[in-house]
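Chemist: One-letter residues, chain by chain:
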Amino acid sequence: MGNNQIDTARDSEAVRVEEGGAALNNGGLPESSDMYNITVRNCDLYYGDFQALKSVSIDIEEREVTALIGPSGCGKSTFIKTLNRMNDLVEGCRITGEILIGGRDIYAKSTDVTLLRKNAGMVFQKPNPFPMSIYDNIAFAPRTFGIKKKIELDVIVESSLKHAGLWLEVKDRLKKNAMGLSGGQQQRLCIARALAADPKILLMDEPTSALDPISTGRIEELINELKTEYTIVIVTHNMQQATRISDKTAFFLLGEIIEYGTTESIFSMPKDKRTENYITGRFG
Amino acid sequence: MKARAHRKEIRKYSVLKVVAQTALGLTLVALCAVTLFVLARGIPHVNTQLLFGDYGMYPSIKPALIGTLYLIVISILIAAPIGIGSAVFLTEYTRSNSRLTRTIRIATETLAGIPSIVYGIFGYLVFVVALGFKYSLIGGGITLAIMILPVVVRSTEESLLAVPRILREGSFALGSSKVRTIFSVVLPCASSGIVTSLILAVGRVMSESAVLILTIGMVVNKIPEGFASPGTSLALDVYYFGSHGYPEQAAATGVVLLVLVVSINILATVLGKALGRGELVDG
Numbered sequence: 001m002g003n004n005q006i007d008t009a010r011d012s013e014a015v016r017v018e019e020g021g022a023a024l025n026n027g028g029l030p031e032s033s034d035m036y037n038i039t040v041r042n043c044d045l046y047y048g049d050f051q052a053l054k055s056v057s058i059d060i061e062e063r064e065v066t067a068l069i070g071p072s073g074c075g076k077s078t079f080i081k082t083l084n085r086m087n088d089l090v091e092g093c094r095i096t097g098e099i100l101i102g103g104r105d106i107y108a109k110s111t112d113v114t115l116l117r118k119n120a121g122m123v124f125q126k127p128n129p130f131p132m133s134i135y136d137n138i139a140f141a142p143r144t145f146g147i148k149k150k151i152e153l154d155v156i157v158e159s160s161l162k163h164a165g166l167w168l169e170v171k172d173r174l175k176k177n178a179m180g181l182s183g184g185q186q187q188r189l190c191i192a193r194a195l196a197a198d199p200k201i202l203l204m205d206e207p208t209s210a211l212d213p214i215s216t217g218r219i220e221e222l223i224n225e226l227k228t229e230y231t232i233v234i235v236t237h238n239m240q241q242a243t244r245i246s247d248k249t250a251f252f253l254l255g256e257i258i259e260y261g262t263t264e265s266i267f268s269m270p271k272d273k274r275t276e277n278y279i280t281g282r283f284g
Numbered sequence: 001m002k003a004r005a006h007r008k009e010i011r012k013y014s015v016l017k018v019v020a021q022t023a024l025g026l027t028l029v030a031l032c033a034v035t036l037f038v039l040a041r042g043i044p045h046v047n048t049q050l051l052f053g054d055y056g057m058y059p060s061i062k063p064a065l066i067g068t069l070y071l072i073v074i075s076i077l078i079a080a081p082i083g084i085g086s087a088v089f090l091t092e093y094t095r096s097n098s099r100l101t102r103t104i105r106i107a108t109e110t111l112a113g114i115p116s117i118v119y120g121i122f123g124y125l126v127f128v129v130a131l132g133f134k135y136s137l138i139g140g141g142i143t144l145a146i147m148i149l150p151v152v153v154r155s156t157e158e159s160l161l162a163v164p165r166i167l168r169e170g171s172f173a174l175g176s177s178k179v180r181t182i183f184s185v186v187l188p189c190a191s192s193g194i195v196t197s198l199i200l201a202v203g204r205v206m207s208e209s210a211v212l213i214l215t216i217g218m219v220v221n222k223i224p225e226g227f228a229s230p231g232t233s234l235a236l237d238v239y240y241f242g243s244h245g246y247p248e249q250a251a252a253t254g255v256v257l258l259v260l261v262v263s264i265n266i267l268a269t270v271l272g273k274a275l276g277r278g279e280l281v282d283g
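As you go down the protein sequences, you meet chains A and B in turn.
Using our numbering, you'd call the opening residue of the first sequence number 1 and step up by one each time.
Using our numbering, you'd call the opening residue of the second sequence number 1 and step up by one each time.
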């Protein structure tokens, strides 16, 4: 059903307009949870005069972990922020090309950015819990989208925290300030907070770079569990991490994707000399 | 040779230290002299007649206590929403170094430096005369609101700028609108600074006299009937009693004013700290 809808929508602009209501209700994203693959075609991104992304094209499969690797300033963080339109907040940022999620153009006029961001949750480099209670942090997005009943919120808070593997540690202090948690706990709280919005995609921008090895290990386990339900895109500086958790890997250099393929093939037999140099630690 | 230079260095250092200590000592002496003098002269005359009695044979500051309360309510009710609104606009809706922001910043800083008697004459000409408010608490209150506005804007702006960018981004990334981000994340995070600045503004309103001489009429012997009636304030009573043959009562009123202003400042510190580490509640 969902697939059909999308196919017809793709085929005919008229149908797409008719379905405008549905598109608005779901941030321009399809209703079905089956279709959350990401397709990017010839995406150029400029900050003022500086071109940060050069003709990036990539197909990201759903329910897989895709790792973006590359040296600092290569555009991988910039790229991940185009997927939930966080670059809209950056002044002088201009994007051309096509970015489709489940076949729908997220930069189309009919796209509701708030719903896009609800469906594509983001976890940041530095844990950024709000200075309010653990409960209020998790309930933040549901409240944004109109869920006010305590019983419903309780269910969401518990399941999100369980999903993020934090429930046992915090269930007795849900009303305590989230700033009192350790760095690793804060980051899992931020993951739980994103999950509470019921997303289909998780975008993670170096989620473990500020954490100790044990907390990093816990987040990596979590990513492995979550990929059965979510499409995960993760930016990482750590190549061991990419090999441990990802199914596909894309290597970025100076705003371009140099090589993209299964993680195994990228790390065992890179086709491009520059990829090989990077993953063997010759630069970066 | 080296040892000599060293000794010279030490001597220079100790001279500097003595100068600094003397300066500090003089400051403390001046502060203590004023406080102790007012307290010594005033405390014996602080009694129930002065505080709560009716103004008749003996003077009372009851009208001034009520008048001051009116002025605080009017000025804060006006200055808080406008001041916080302006600060939100400046920090959240304009670029930090745009021409508009810079102009407004210079304007607020200039306004903050204008002597209060100038605000007083403005209030007199605009509210008392042109708008026909006559001498009234509302005219004085509005003038005070204009006077404290730049301070409220500046300190609120500082508090808002201190809210980390990643919290705003976190909110946007969860699908929040700009309005929700401002009301649920940015303002609550800045609340301790904002509340502190408002309480300090209350202190300024309480101790202001020049503005009020020209706007509220200094009616010391009648309880104000409402916002539109003329009245007096504590600081005005000090002036009135002092210049009309009641120096003891002036000192006693000074004691009351001193105690209130000190309490307000302590409250600002305590509340600011409590809010700073306290939990914010969403929803």
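I should point out that these hints are in silico values taken from the structure, not numbers from a laboratory.
Here the structure is a predicted model, which means the values were calculated and not measured.
Hints may be right or wrong, so weigh each one.
What the hints assert, rightly or not - Cβ-to-Cβ under 7 Å is the rule here; a few derived chain A residues that face chain B:
id: 1; residue: 107
id: 2; residue: 144
id: 3; residue: 146
As the list claims (entries may be wrong) - Derived DEER-like restraints, expressed as beta-carbon distance ranges:
id: 4; chain 1: A; residue 1: 210; chain 2: B; residue 2: 82; range: 36 to 42 Å
id: 5; chain 1: B; residue 1: 103; chain 2: A; residue 2: 71; range: 53 to 59 Å
id: 6; chain 1: B; residue 1: 39; chain 2: A; residue 2: 147; range: 26 to 32 Å
id: 7; chain 1: A; residue 1: 147; chain 2: B; residue 2: 94; range: 31 to 37 Å
id: 8; chain 1: B; residue 1: 166; chain 2: A; residue 2: 147; range: 22 to 28 Å
id: 9; chain 1: A; residue 1: 209; chain 2: B; residue 2: 39; range: 57 to 63 Å
id: 10; chain 1: B; residue 1: 266; chain 2: A; residue 2: 151; range: 39 to 45 Å
id: 11; chain 1: A; residue 1: 103; chain 2: B; residue 2: 178; range: 27 to 33 Å
id: 12; chain 1: B; residue 1: 94; chain 2: A; residue 2: 103; range: 46 to 52 Å
id: 13; chain 1: B; residue 1: 178; chain 2: A; residue 2: 237; range: 40 to 46 Å
Glycine is no exception: its CB is placed at the ideal position from the N, C-alpha and C atoms.
Chemist: Decide, hint by hint, whether the structure agrees.
Modeler: Evaluation of the provided hints:
| no. | hint | in the structure |
| --- | --- | --- |
| 1 | 107 | violated (17 Å) |
| 2 | 144 | holds (5 Å) |
| 3 | 146 | violated (11 Å) |
| 4 | A:210 / B:82: 36 to 42 Å | holds (40 Å) |
| 5 | B:103 / A:71: 53 to 59 Å | violated (42 Å) |
| 6 | B:39 / A:147: 26 to 32 Å | violated (58 Å) |
| 7 | A:147 / B:94: 31 to 37 Å | holds (34 Å) |
| 8 | B:166 / A:147: 22 to 28 Å | holds (25 Å) |
| 9 | A:209 / B:39: 57 to 63 Å | holds (59 Å) |
| 10 | B:266 / A:151: 39 to 45 Å | holds (43 Å) |
| 11 | A:103 / B:178: 27 to 33 Å | holds (29 Å) |
| 12 | B:94 / A:103: 46 to 52 Å | violated (38 Å) |
| 13 | B:178 / A:237: 40 to 46 Å | violated (32 Å) |
This entry does not satisfy hints 1, 3, 5, 6, 12 and 13, going by the numbered hints stated previously.
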